[in-house]
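**Q** Those sequence lines, one after another, are chains R and A.
If you count the first sequence from 1, position 324 lands on 324 in my numbering, and the numbers rise without skipping.
Counting from 1 along the second sequence, just add 342 to a position and that's the residue number in my numbering.
Heads up, some of the hints might be wrong.
As the list claims (entries may be wrong) - Here are the simulated distance ranges between beta carbons:
hint, chain 1, residue 1, chain 2, residue 2, range
1, R, Asp222, A, Glu434, 54 to 62 angstroms
2, R, Thr15, A, Asp482, 26 to 34 angstroms
3, R, Thr196, A, Glu522, 56 to 64 angstroms
Unchecked claim - In silico negatives: residues of chain R with every beta carbon more than 10 angstroms from chain A:
hint, residue
4, Pro72
5, Ile74
6, Glu78
7, Met85
8, Arg93
9, Thr101
10, Glu111
11, Asp158
12, Pro161
13, Gly180
14, Gln182
15, Gly192
16, Ala220
17, Arg237
18, Ala239
19, Glu241
Said to hold, decoys possible - Keeping only pairs whose Cα atoms sit at most 25 angstroms apart, straight-line, the calculated SDA-like set for lysine to any residue is:
hint, chain 1, residue 1, chain 2, residue 2
20, A, Lys483, R, Pro72
21, A, Lys483, R, Lys213
22, A, Lys483, R, Gln117
23, A, Lys483, A, Glu531
24, A, Lys738, R, Gly180
25, A, Lys477, R, Arg37
26, A, Lys738, R, Thr101
27, A, Lys483, R, Ala60
28, R, Lys113, A, Leu545
29, R, Lys113, R, Phe82
30, R, Lys48, A, Arg520
31, R, Lys213, R, Val183
32, A, Lys483, R, Arg37
33, A, Lys738, R, Ala10
34, A, Lys567, A, Leu545
35, A, Lys425, A, Lys477
36, R, Lys113, A, Lys567
37, A, Lys477, R, Pro72
38, A, Lys477, R, Gln38
39, A, Lys477, R, Phe82
No wet-lab data here; the hints were simulated from the structure.
Computed from a predicted structure; not experimentally measured.
All C-beta atoms, glycine included, are put in the ideal place defined by N, C-alpha and C.
Chain by chain, the residues run as shown.
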Amino acid sequence: MANRRLAPAAAQPQTFAFSPENAEWAQGQIEKYPEGRQASAVIPLLWKAQEQNGGWLPRAAIEAVADELGMPHIRVLEVATFYTMFALEPVGRFWIQLCGTVPCDSCGARELKDYLQRRLGAPGHVSADGNFSWLEVECLGACCNAPMAQINQDYYEDLTPDLLGTLMDDLAAGRPVKVGSQVGRTSSEPLGGAETLTDATLFDGSRVGAWRKRFEEKDAEDGSEAGRAEAASSEQRAAVEPKPARPDAGRAVGTAATDAPAQRSAGGETPVKSGDTTAATESTVQPNRPAHAASEAIAKAEAAGSEAGTQSALPRNAPPPQPATSGASVDADAPAAPTKGN
Amino acid sequence: MTKIVVDGTEVDVPPEYTLLQACELAGAEIPRFCFHERLSIAGNCRMCLVELKGAPKPVASCAWGVRDCRPGPNGEPPTVLTKSPLVKKAREGVMEFLLINHPLDCPICDQGGECDLQDQAMAYGVDTSRFHENKRAVHDKYIGPLVKTSMNRCIHCTRCIRFVAEVAGVPDLGATGRGEDMEITTYLEHAMGSELQANVADLCPVGALTHKPQAFNVRPWELAKTPSVDVMDAVGSNIRVDARGKEVMRVLPRVNEDINEEWISDKTRQHVDGLRLQRLDRPFLRENGRLRPASWNEAFAAIAARVKAADPSRIGAIAGDLAGVEEMFALKLLLESLGSKNLDCRQDGSVLTPAHGRGSYLFNPTIAGIDDADAILIIGSNPRLEAAIINQRIRKRWRTSPLPIAVIGPQADLTYPYAYLGAGPDTLVELVGGRHSFNDVLSKAERPLIILGAGATARSDGAAILAAAAQLAGAIGAVKDGWNGLAVLHTAAARVGGLDLGFVPGEGGLAAPAMVAAGSLDVLFNLGADEIDIAPGAFVIYQGTHGDRGAHRADVILPGAAYSEKSATFVNTEGRVQMTNRAVFPPGDAREDWAILRALSDVLGKRLPFDSLPALRRALYGQHPHLARVEQVAPAEGAPALRQLAALGGWPGREPFGPVIRDFYLTNPIARASRVMAECSALLGAPSALQAAE
């Protein structure tokens, strides 16, 4: 990251004023904060100013925002120079902010950087056709799909120099591009589809019932009459009205926006798409999958433990095993955990 | 109170103390860069790390409260270690980090010899560096004519930013960029707009901000340091005059919690080049309309000839703003022995007089008392220009907990918000009549403070305004047991001393405006009064230090000593008696002022009854015992003075209160001779623009 300074005077517009609708929007932001705390709205206002000014923040805009919020100019300049999301010099039509922090770096951000350097030259300059400018920035928080870059408002992930090149060509030519992962990954799932949380019982309520039943049975064995009665009643209740493990409010299942296992399960489908299953199966051909092996071992131990009528054969300080899909609410039709093994 | 064990010593401290304060109380020394007692806590230099038992890693003691420390497992008091191997290692690590990018230019750095980083690197650092990379390079910034920047040296303690934002109240400095690219700067490298800005160079723990006028000029170890008192305004800031050989090189603040804490205004600090420029170093005599160098004897003979020929009632004396009590006393005795009653120390035409008691012309609540006020009314004054340190105190009081402040007079940016009531005496009369909405605020206040500036008292209807202010003070109960809220703000260092001496017209005597009028006097003795126009006619003897306005009008010039060249008493606006000390000798033939007057009295045949400064002081203290109590405020009777003032009566005019100081940087002959002050003044533009900008 180089020193961030205001653009040279020649590039600076003389004045800046919010457009009427932006001014109204800004007023709404300011009103969010109590009297005397208007300075809290500085980042939204700067962002809006940058958006209005074609993606970069001129000096006049910094002063206009400062005056609007009653802040000294230097305070707003401090904010504007601190965050790389504020471009202080003119940017291209597509402003590429390439993440260069450790996870992206170790996944190949350096090649992307070299590519951009080759194609666009030094960072901070608009390409000759006016389409692109680029900047290496610190972590943008999409490390799971590293390496990534933010182009204008959107994230483009799982990039390689080739993919980035194609993406830039498409953007420049005005062709539609895919936002997010460029290798077909669904949001931040593992490459090839989901591998965990695939058990349908996680989402239909039976899993909680299984745990609870076990505790209640234990209580019953201890000889508590109340515990025995509760165990029996809860067993019945769970059979009649299975409860979801978690409330829906605010979760991914509540909105149809994402294509997640929880949603599929709620919609009566199998939690994992069949295509994903195949992909995952293919990927398991890779020899080095210790986590997978461990989970199988745990499942075996669990099965053995439950047969023996004890909690678990694992030592106490080991991580708790995944409960086997046993229990009253599970019948033969329940979708088995389909992803692994076969 | 909370018990805490520091290095095995158990101390009992208030729970709101920080660990750093507790450690200092226990006698442990904690190095620090960003922490400063009078600024907010930043906690970003990490130099003050200490080991706190139970904490997983060293904690920054400046930002860790004693009440946040956990007791030991059996309820023992929390334990802090400041000398443990962990602390030593932490300090060495921090020091190594700080020095990664700090240039090794100590030999050419102006901070060398008084540099916190240098000292602490010696005490707490290691002797080698493990870093082979290039150090970062930062462009130097322009932040004003008084502070030079060397931004490579900055360690980002942010003391300067916090000072200008919090104490000076002019948030001009900021830190742009982040991480390694963080830089301290003003907005687009404009000059800072504060009259306290040079204090940031004192605060800077390294050589990043140094005093520009002294750049490459002084080394701290070659200076003779003399404690003294500032005379640029009536605050009486405590200063240290640093001299090398026969030249004053710089002025630094001395800590005095009752007056200036540890700040001084830019004029106080940087007028020093004025002490050597434009100096009168020999007597001058006007012959055929031109001044020519003369000997002391010639000058005295010329004076004696004119004085002896003059009628006593046509001889007068005016004392200027920089005159010490001693020379005013000597001049008063001389004039009295000549039989003249025409004496005045108020060249601005102020109506303040000792006749109404000492309480009628002092800043009665004292400067430190501002901290206790709970409502402030400022009448005819812009304290930011007239007494920057007092304005800073008011701002400090306002920052502690906002209080109602109102202003009648010129409207200006005082660095704190205030209610603007009006421009002139009408508003004051309204307040006296109880018809103003601010009356409620003042009456409800337990310790209201009424600051009366020279803009209100130095005018022809000043007596009526003074009476109105006193009536208001009486009506709202500003003067009562334990609180005297009537505060007169002077702008001249000599004024309160002169009033204490009674250097005012005797019965039938002429006041300053009458004395300078054409044809009223034959001989006028001008003791350094440079802010008054003397009409042609009178024979003017100017005794002063600089070739300023007074010297231009003089017929005889007697070269005197500036405050840094003599031991003189000054009484500040709150009535605190303080003494300057001689740091250097007066230039050339110039002499200490009391000695000149003593010699002159001999020539005039009215020999003054003392031959030495101690003898003069014995006589002075005999007549005015309170002047002997140096560094103390002799409390003045509040109630009688208030009654007398209120009884003056009269109707104030309608003319608005004018600004007292048009150009902060050019208020006295020393400052007007200073190039640095001229540069500061030019930066503010024309005097009229200054007022507009304020």
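**Q** Look at each hint and say if it fits the structure.
**A** Hint-by-hint comparison with the structure:
Between aspartate 222/R and glutamate 434/A the Cβ separation comes to about 60 angstroms, which falls inside the hinted range of 54 to 62 angstroms. Against the hinted window of 26 to 34 angstroms, the Cβ-Cβ separation of threonine 15/R and aspartate 482/A comes to about 31 angstroms, which satisfies the hint. A hinted range of 56 to 64 angstroms for the beta carbons of threonine 196/R and glutamate 522/A is inconsistent with their spacing of about 40 angstroms. Its closest Cβ contact with chain A, about 4 angstroms, brings proline 72/R to no more than 10 angstroms, contrary to its assignment away from the interface.
Against the 10 angstroms criterion, isoleucine 74/R falls within the reach of chain A, whose nearest CB is about 4 angstroms from its own CB. Non-interface call for glutamate 78/R relative to chain A: violated, since the shortest CB-CB distance, roughly 5 angstroms, does not exceed 10 angstroms. Every Cβ of chain A is farther than 10 angstroms from the Cβ of methionine 85/R; the closest lies at roughly 12 angstroms, confirming the non-interface assignment. At roughly 27 angstroms from the closest C-beta of chain A, the C-beta of arginine 93/R stays outside 10 angstroms, upholding its exclusion from the interface.
Chain A leaves threonine 101/R outside its interface by the beta-carbon criterion, the shortest separation being 13 angstroms against a cut-off of 10 angstroms. Consistency note on glutamate 111/R: stated as away from chain A, and its beta-carbon is indeed over 10 angstroms from all of that chain's, at 25 angstroms minimum. Every Cβ of chain A is farther than 10 angstroms from the Cβ of aspartate 158/R; the closest lies at roughly 28 angstroms, confirming the non-interface assignment. Proline 161/R, annotated as away from the interface, keeps every beta carbon of chain A farther than 10 angstroms; the closest lies near 28 angstroms.
Annotated as non-interface, glycine 180/R keeps its C-beta farther than 10 angstroms from every C-beta of chain A; the closest such distance is 29 angstroms. Residue placement check: glutamine 182/R keeps its beta carbon more than 10 angstroms from all beta carbons of chain A (closest about 30 angstroms). For glycine 192/R, the requirement that its beta carbon stay farther than 10 angstroms from each beta carbon of chain A is met, with the minimum near 38 angstroms. For alanine 220/R, the non-interface assignment is confirmed: its Cβ lies about 41 angstroms from the closest Cβ of chain A, beyond the 10 angstroms cut-off.
Listed as a non-interface residue, arginine 237/R keeps its Cβ farther than 10 angstroms from every Cβ of chain A; the least gap is roughly 46 angstroms. Once the 10 angstroms rule is applied to beta carbons, alanine 239/R is consistent with being away from chain A; the minimum gap is 50 angstroms. A cut-off of 10 angstroms between C-beta atoms confirms that glutamate 241/R is not in contact with chain A; the least separation is 48 angstroms. A C-alpha spacing of about 19 angstroms is found between lysine 483/A and proline 72/R, which places the hinted pair at or below 25 angstroms, so the restraint holds.
This hinted pair does not check out: lysine 483/A and lysine 213/R have alpha carbons roughly 73 angstroms apart, beyond 25 angstroms. At roughly 32 angstroms between alpha-carbon atoms, lysine 483/A and glutamine 117/R are farther apart than 25 angstroms, so this suggested pair is violated. About 6 angstroms separates the Cα atoms of lysine 483/A and glutamate 531/A, which keeps this hinted pair within 25 angstroms; it holds. About 53 angstroms separates the Cα atoms of lysine 738/A and glycine 180/R, which puts this hinted pair outside 25 angstroms; it is violated.
Annotation: proposed proximity of lysine 477/A to arginine 37/R is violated, straight-line Cα distance about 39 angstroms (limit 25 angstroms). Using a Cα cut-off of 25 angstroms, the hinted pair lysine 738/A and threonine 101/R is violated, with the two alpha carbons roughly 44 angstroms apart. Restraint check: the Cα-Cα separation between lysine 483/A and alanine 60/R comes to about 21 angstroms, which is no more than 25 angstroms; the hinted pair holds. A threshold of 25 angstroms between alpha carbons decides the hint, and for lysine 113/R with leucine 545/A the separation of about 43 angstroms lies outside it, so the pair is violated.
A C-alpha spacing of about 22 angstroms is found between lysine 113/R and phenylalanine 82/R, which places the hinted pair at or below 25 angstroms, so the restraint holds. As the CA atoms of lysine 48/R and arginine 520/A are separated by approximately 22 angstroms, the hinted pair is consistent with the 25 angstroms bound. Proximity of lysine 213/R to valine 183/R is assessed by CA-CA distance (about 43 angstroms); at most 25 angstroms being required, the pair is judged violated. Straight-line distance between C-alpha atoms of lysine 483/A and arginine 37/R comes to about 31 angstroms, which puts the hinted pair past the 25 angstroms bound.
Between lysine 738/A and alanine 10/R the CA atoms are separated by roughly 43 angstroms; this puts the pair beyond 25 angstroms, and the hint is violated. Between lysine 567/A and leucine 545/A the alpha-carbon distance is near 19 angstroms, which keeps this suggested pair within the 25 angstroms criterion. Among the hinted pairs, lysine 425/A with lysine 477/A is inconsistent with the structure: their alpha-carbon atoms are about 31 angstroms apart, more than 25 angstroms. This hinted pair does not check out: lysine 113/R and lysine 567/A have alpha carbons roughly 59 angstroms apart, beyond 25 angstroms.
With a C-alpha separation of about 32 angstroms, the suggested pairing of lysine 477/A with proline 72/R is violated against the 25 angstroms cut-off. For the suggested pair lysine 477/A and glutamine 38/R, the alpha carbons sit about 39 angstroms apart, so the restraint of at most 25 angstroms is broken. For the proposed pair lysine 477/A and phenylalanine 82/R, the alpha carbon gap of about 21 angstroms is at most 25 angstroms, so the pair holds.
Taken one by one, the earlier hints fail for this structure at numbers 3, 4, 5, 6, 21, 22, 24, 25, 26, 28, 31, 32, 33, 35, 36, 37, 38, listed in ascending order.
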